[in-house]
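Protein chains: 2
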Amino acid sequence: MTRATADRGRRRFLSGLGALAFIAAVPMAAGARPADPLPSWTAGATRTAIVDFVQRTTSKGDAFVPVAERIATFDNDGTLWAEQPLYFQFLFALDRIRALAPQHPEWKDQEPYKSALAGDVKALALGGEKALGEIVMATHAGMTNDEFRATVKQWLAQARHPTTGRRYDEMVYQPMLELLAYLRANDFKTFIVSGGDTEFMRAFAEHVYGIPPEQVIGSRMKLEYRLTGDTPALDRKPVMEFMDDGPGKPAAIGAIIGRRPLFAAGNSDGDLQMLQWTTLRPGPSMAIIVHHSDRAREWAYDRQSAVGRLDKALDEAPRRGWIVVDMAKDWKRIYPDAAASAANGAQPAPPPVAGGSPTLSISRSRK
Amino acid sequence: MTRATADRGRRRFLSGLGALAFIAAVPMAAGARPADPLPSWTAGATRTAIVDFVQRTTSKGDAFVPVAERIATFDNDGTLWAEQPLYFQFLFALDRIRALAPQHPEWKDQEPYKSALAGDVKALALGGEKALGEIVMATHAGMTNDEFRATVKQWLAQARHPTTGRRYDEMVYQPMLELLAYLRANDFKTFIVSGGDTEFMRAFAEHVYGIPPEQVIGSRMKLEYRLTGDTPALDRKPVMEFMDDGPGKPAAIGAIIGRRPLFAAGNSDGDLQMLQWTTLRPGPSMAIIVHHSDRAREWAYDRQSAVGRLDKALDEAPRRGWIVVDMAKDWKRIYPDAAASAANGAQPAPPPVAGGSPTLSISRSRK
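Protein chains in written order, with this note's numbering: chain A, 161 to 527; chain B, 161 to 527.
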């Protein structure tokens, strides 16, 4: 936003110069926005609806919205990055269980750790929320908040996705990166509002999405302040303080943002209430649902899958005017190319590891 | 920040023009920062320390801090606005009890409402946290979040402080308004991190402090999403979800901001841990404590008062290098003048009401 604001200030200044307007071409050429802000979006109704909405709300007229109120909220898993075969955060947890196992010899014979160590996701799922909760607590609590973020960063640098062989933070959606940048270039403030752990997402949100830590809203473990000598720390306690999912999303938006979004994006029923909260009010608003329809380039899944449901939100979409993004049709490409990622500071993905993931055997089949 | 950023972009562009630099004087004259960004701060050690810190951290050199990390956090009560004879939010609660009394005839004979209706703060205090909690729940929950903010705005427009006769939002500290603006002009992002109710503070933080809702962090009632027909709402439930005080402040900073502050300001032991969290780390940082030493123009209170303690924080200040702001000595003026407030969209304060507050007889004496 800073660059966009500076560009705007520069342009206003230039237009104000009047007689000196001939010089405008010089700095504009350097700072000019590319002709097409959404090159990875196929021309068509979806793309047109997005561009029209942004133009209407940012140009003088009936639908104009002041800059301060241009809030855009994005779900993360399945909306900004992939989520198959399981939420990446859960794959992180399983890798952490393996990494911590030498300090816990008892895990070899103790559920749910035994199944986690075996990478037996089906057995874990049979253990239900209690088993999954135990895996999460063992890997997401019991350290400081800074240590946790550093651990996630290290994992992101080393881990590779079991089927694509990519770094997980290279499995972000190129069209959504463009949408985030396009909204920010039009002075929208972009937030993540997602069920993932806040600190987990902060480990990559800034360098991958351009979203700073203070605009990442997720689920939270309880943080407890501790001063040891002259060294303060925030300890992550094994208590889930807040689940940022379903009706929790508008609640978190109210608690932390304090304005209703003008734009929201999601991909499951966990986003249903956020989309309602965004669009069920007077004035302009827009909501999109990323629909995973692309078996060839990503995954195809619909109303019920390993990572949740997209059922009520799909039913409500037509009467609420929510745009369902058809990944296969609306997106020219899925992921950024490795060269572009490297230029952004991320490491290019290595070739897929022969024999699948080094850490996990996923027994679920791709639909 | 938007205007400052635009100004900076403009200046960079101008300096880049080289041969055309002669025109720079034209827009600079219009947008130039005043020579003195802190006119209400007395020349002296405190003021010098603040200016030096901002210059060192924003100029190239050993102490330079990137823009993204320039986080400044401010307590509200007693730091940005006055807090005597009692927290203004509690005076709001007492006014609301009176306003709601016709719908609750039983309150006439029922504590703590009876004492609240009589404005008998001493009797209320004897009821302890339970009594105060009941008053807070009766006035801060049981409506939607939007309704609550509107009620606070309406109260701010009508209520007058019992001894100054000013609007409460005109009892903000002019030197602190200048400090907020000075930090923002240097690309600091300013947050409120205060024990007050988040939504209560949002009712005035934007127009009075220039701090948008998403940068206001306070205590929170639990919010619950409800959809009635096609109308969604966030209900304020009578449950204190989070107390943003003491060790809760660094916890909230970790949960919501996700970066350690570079600068923090407080005025009581409720800010102790925030100041520690800000300054006990490598690299530059600064913390200030507003010390209410001004009996003539404001109030004079110290280690123990009706609104809390300033005890441990004052003890730690010397060895932590925290700057204790001596209100009587360091501030040329306390409040903005009414004309300036009116120009900012606020109403000028009427003359003090004869006979004291229309709604409250405060029995505590000023020290």
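One or more of the hints may lead you astray.
Just so you know, same-sequence chains aren't split out, so a pair can sit in one copy or run between any two.
Below, simulated DSBU-like cross-link-like pairs (lysine-lysine); rule was C-alpha separation at most 30 angstroms, straight line [as the list claims (entries may be wrong)]:
(1) Lys382 to Lys492
(2) Lys274 to Lys492
(3) Lys313 to Lys282
(4) Lys472 to Lys397
(5) Lys282 to Lys472
(6) Lys290 to Lys397
(7) Lys489 to Lys220
(8) Lys492 to Lys290
(9) Lys282 to Lys220
(10) Lys492 to Lys268
(11) Lys313 to Lys220
(12) Lys220 to Lys472
(13) Lys282 to Lys492
Keep in mind that the hints were calculated from the coordinates and are not lab data.
Results of checking the hints against the structure:
In the homo-oligomer, the alpha carbons of Lys382 and Lys492 never lie at most 30 angstroms apart, since the shortest distance is 41 angstroms inside one protomer and 43 angstroms across protomers. In this assembly of identical chains, the alpha carbons of Lys274 and Lys492 never lie at most 30 angstroms apart, being 42 angstroms within a copy and 68 angstroms across copies at closest. Taking CA atoms no more than 30 angstroms apart as the test, Lys313 paired with Lys282 passes inside one copy only; the shortest distance there is 28 angstroms, against 54 angstroms between copies. Proximity of Lys472 to Lys397 under the C-alpha cut-off of 30 angstroms is restricted to the inter-copy arrangement: shortest distance 26 angstroms between copies versus 34 angstroms within a copy.
Taking the closest pair of Cα atoms, Lys282 and Lys472 come within 30 angstroms of each other only inside a single copy of the chain (26 angstroms); across copies the shortest separation is 54 angstroms, beyond that limit. In this homomeric assembly, Lys290 and Lys397 come within 30 angstroms of each other (Cα to Cα) both inside a single copy, at 17 angstroms, and across copies, at 28 angstroms. Taking the shortest alpha-carbon separations for Lys489 and Lys220, neither the intra-copy value of 32 angstroms nor the inter-copy value of 49 angstroms comes in at or below 30 angstroms. In this assembly of identical chains, Lys492 and Lys290 lie within 30 angstroms of each other by CA distance neither inside one copy nor across copies; the values are 41 angstroms within and 61 angstroms between.
With identical chains, the CA atoms of Lys282 and Lys220 are never at most 30 angstroms apart, being 55 angstroms at best within one copy and 55 angstroms at best between copies. Taking the shortest alpha-carbon separations for Lys492 and Lys268, neither the intra-copy value of 46 angstroms nor the inter-copy value of 69 angstroms comes in at or below 30 angstroms. In the homo-oligomer, the alpha carbons of Lys313 and Lys220 lie at most 30 angstroms apart only across protomers (28 angstroms), although the nearest pairing inside one protomer, at 43 angstroms, exceeds that limit. For a Cα distance limit of 30 angstroms, the shortest separation of Lys220 from Lys472 qualifies neither inside one copy, at 36 angstroms, nor across copies, at 54 angstroms.
Proximity of Lys282 to Lys492 under the C-alpha cut-off of 30 angstroms is found in neither arrangement, the shortest distances being 34 angstroms within a copy and 70 angstroms between copies.
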